[in-house]
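So the chains spell out like this:
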Amino acid sequence: MKLSKLSAPTLLLLPAFIVLAVFIVLPLMFSLYSSFTPFRLTKPDTLWVFIGFRNYVNVLTNAEFWVAFGRTVLLLTIALNAEMLLGLGLALLVNKATRGQRILRTAMMFPMMFSPVLVGFQFKFLFNDNIGFVNNALQSLGLTDRAIPWLIDGNLALFSIIVAEVWSSTAVFAILILAGLLAMPKDPVEAAHVDGCTPWQTFRYVTWPYLMPFAFIAMTIRSLDVARAYDIVKIMTDGGPAKRTELLWTLVGRTAYGDARMGLANAMAYVAILLSIVFTVYFFRKLAAARQQIGAEW
Amino acid sequence: MAPVTLRKLVKRYGALEVVHGIDLEVKDREFIALVGPSGCGKSTTLRMIAGLEEVSGGAIEIGGRKVNDLPPRARNISMVFQSYALYPHMTVAENMGFSLKIAGRSADEIKTRVDEAAAILDLGHLLERRPSQLSGGQRQRVAMGRAIVRQPDVFLFDEPLSNLDAKLRTQVRTEIKKLHARMQATMIYVTHDQVEAMTLSDRIVIMRDGHIEQVGTPEDVFRRPATKFVAGFIGSPPMNMEEAVLTDGKLAFTTGASLPVPPRFRSSLREGQKVTFGLRPDDIYPSGHGLHAGDADAVHELELPVTITEPLGNETLVFTQFNGRDWVSRMLNPRPLRSGEKMRMSLDLSRAHIFDGETGKALAG
Chain D
1 MKLSKLSAPT
11 LLLLPAFIVL
21 AVFIVLPLMF
31 SLYSSFTPFR
41 LTKPDTLWVF
51 IGFRNYVNVL
61 TNAEFWVAFG
71 RTVLLLTIAL
81 NAEMLLGLGL
91 ALLVNKATRG
101 QRILRTAMMF
111 PMMFSPVLVG
121 FQFKFLFNDN
131 IGFVNNALQS
141 LGLTDRAIPW
151 LIDGNLALFS
161 IIVAEVWSST
171 AVFAILILAG
181 LLAMPKDPVE
191 AAHVDGCTPW
201 QTFRYVTWPY
211 LMPFAFIAMT
221 IRSLDVARAY
231 DIVKIMTDGG
241 PAKRTELLWT
251 LVGRTAYGDA
261 RMGLANAMAY
271 VAILLSIVFT
281 VYFFRKLAAA
291 RQQIGAEW
Chain F
299 MAPVTLRKLV
309 KRYGALEVVH
319 GIDLEVKDRE
329 FIALVGPSGC
339 GKSTTLRMIA
349 GLEEVSGGAI
359 EIGGRKVNDL
369 PPRARNISMV
379 FQSYALYPHM
389 TVAENMGFSL
399 KIAGRSADEI
409 KTRVDEAAAI
419 LDLGHLLERR
429 PSQLSGGQRQ
439 RVAMGRAIVR
449 QPDVFLFDEP
459 LSNLDAKLRT
469 QVRTEIKKLH
479 ARMQATMIYV
489 THDQVEAMTL
499 SDRIVIMRDG
509 HIEQVGTPED
519 VFRRPATKFV
529 AGFIGSPPMN
539 MEEAVLTDGK
549 LAFTTGASLP
559 VPPRFRSSLR
569 EGQKVTFGLR
579 PDDIYPSGHG
589 LHAGDADAVH
599 ELELPVTITE
609 PLGNETLVFT
619 QFNGRDWVSR
629 MLNPRPLRSG
639 EKMRMSLDLS
649 RAHIFDGETG
659 KALAG
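Residue numbers (our numbering), protein chains in the order written: chain D, 1 to 298; chain F, 299 to 663.
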């Protein structure tokens with residue numbers, strides 16, 4: 001077949017299709033295929049053994065997987081809500097600032113500028129039970145006289161991870177909500193004051209509905225982020241102690257590269273991606289509804 | 299009963315003072331318009347009455363109660379904004395009933411009062427729509443409905459018609475007038491449009507640079523403007539005005555032309571006094587085409603060339619050249635005119651205005 005026989009549109013689209021196919025579609029197909037094999041990195045031959053849905057059955061009947069799945073959803077729920085509340089508070093405060101608002105806005109974004117790996121190391125140090133800043137501070141203030149095992153106790157470890165997550169990413173909410181506040185027309189707020197609203201009622205009935213779409217955009221971004229949480233956890237606890245902070249992707253990572261069971265890990269990854277898709281669809285629906293509510297023209 | 303009183307009201311933004319200690323008594327159930335050019339402080343004054351701006355000095359009383367430090371919600375007022383300021387996420391009915399919901403009224407009462415207001419403003423068929431689905435005129439009617447439902451002591455309007463096209467503006471203006479007749483509430487209306495102020499209000503407050511120039515009925519401010527500024531601001535087309543000096547018992551203009559001193563000012567002007575002479579377009583007309591015959595003694599006739607004409611159907615605005623500039627005159631029962639045509643013009647000097655050349659204040663005749 002000669003190239004010249006192809007129509008112009010096909011010809012023009014071809015490079016894009018080729019690039020997409022080589023770099024995205026083929027690897028994706030390959031990983032999907034491998035999730036139907038018992039592929040182990042240490043035994044390349046296993047790649048050619050087709051075992052149907054056995055990996056998926058294994059994953060879905062594996063208690064360890066479901067615990068990690070549940071813990072990821074828990075982390076997502078707590079972290080997103082905490083970030084949302086803190087981000088909202090931060091945005092409202094910064095919005096009130098009549099001077100130095102630019103500096104505050106910039107300062108607010110500092111945590112986002114650090115690599116999650118470094119954030120992980122930093123919090124690992126802060127929460128260290130012997131030399132950590134947190135215990136040191138608590139003991140100096142006389143709030144406790146024992147060393148609290150932040151990263152050693154299972155529940156406390158998850159809590160510590162959540163604190164690190166929240167610290168590093170509250171700014172996402174704060175920035176987006178602040179953008180909403182800055183774009184918001186002042187008149188409806190004034191109308192609400194005249195209509196008899198207290199400051200709280202004004203926020204509840206007028207300001208918040210206007211900010212909701214912005215909060216949902218932040219939720220969508222962050223739910224994808226947290227659902228693939230890996231780096232901070234890897235550094236701080238590496239899923240420990242005794243797998244008490246194992247999340248979906250640390251489990252996938254361990255299965256793939258620690259145990260070398262690539263086929264099984266791929267099956268897990270596909271199930272995990274479903275979780276992300278579900279969250280994204282959920283928040284997008286919310287976003288669309290909220291946008292329609294305020295009659296947004298964007 | 300809710301008269302509104304402003305006492306020595308001052309507004310400052312930092313070192314910049316924008317309202318300079320104004321005094322005003324708005325009577326109960328009165329419709330008063332604050333009018334003036336942009337930046338004269340009229341909106342700021344209204345927003346201080348609403349409680350949306352802090353008062354820097356002086357006092358505001360609503361119904362005899364000092365409200366300076368009360369938040370807007372404690373003042374029992376309603377406000378209609380230029381931009382409508384509707385709540386975008388609520389339906390028309392929810393927008394209108396919002397203040398009652400906040401006040402904790404029953405759903406039945408809210409519905410009754412919203413329906414009443416909707417009937418007054420012909421909004422019944424739009425109650426379930428959202429503001430984004432309404433036209434500008436409809437949105438402004440909803441904003442008025444929201445104000446009515448609250449049954450406030452005082453209605454405040456901040457340039458409510460500015461965002462509407464000319465035709466709608468006239469229509470909504472009539473509705474506001476009907477509304478005042480029906481509601482029997484005190485209304486304070488801010489506008490930069492003198493026609494709105496004249497047509498709607500019982501009294502007009504003309505503001506300039508943070509001061510009140512004059513307070514009076516539409517008739518007052520039109521017939522007896524207190525200052526040169528008011529004379530120029532009220533009336534369309536505006537009053538013809540010219541600087542003059544009293545020389546040899548005549549008003550001598552800078553270019554050499556002159557006019558006799560209007561009879562009622564003959565005793566009060568002194569030789570050499572600098573004044574501004576003013577005559578409304580209604581009081582200068584092609585002879586035989588005037589609004590009123592006037593005091594025959596006071597009518598001064600001149601032969602003047604026509605520069606341009608603006609036919610309006612039942613009348614024509616005729617621009618004639620006098621003293622080196624165009625003077626506007628109103629010609630009733632018009633006939634076609636040619637540019638350059640010489641016309642015999644009647645100047646009804648009994649209706650002339652004379653202002654002090656220095657202070658701009660009207661001189662008593």
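No lab work stands behind these hints: they were computed from the structure.
All C-beta atoms in this analysis are idealised placements derived from N, C-alpha and C, irrespective of residue type, glycine included.
Check the hints yourself; a few may be wrong.
Said to hold, decoys possible - Facing chain F, according to a computed beta carbon distance under 8 Å, are these residues of chain D, among others:
| hint | residue |
| --- | --- |
| 1 | P188 |
| 2 | G196 |
| 3 | V206 |
Here's how the hints hold up against the structure:
Hint status for D/P188 relative to chain F: holds, with the closest Cβ pair at about 5 Å, below 8 Å. With a least beta-carbon distance of about 4 Å to chain F, the hint placing D/G196 at the interface is held under the 8 Å criterion. Satisfaction of the interface hint for D/V206 is found here, the shortest Cβ-Cβ separation to chain F being roughly 6 Å, below the 8 Å cut-off.
The structure meets every hint from the earlier list without exception.
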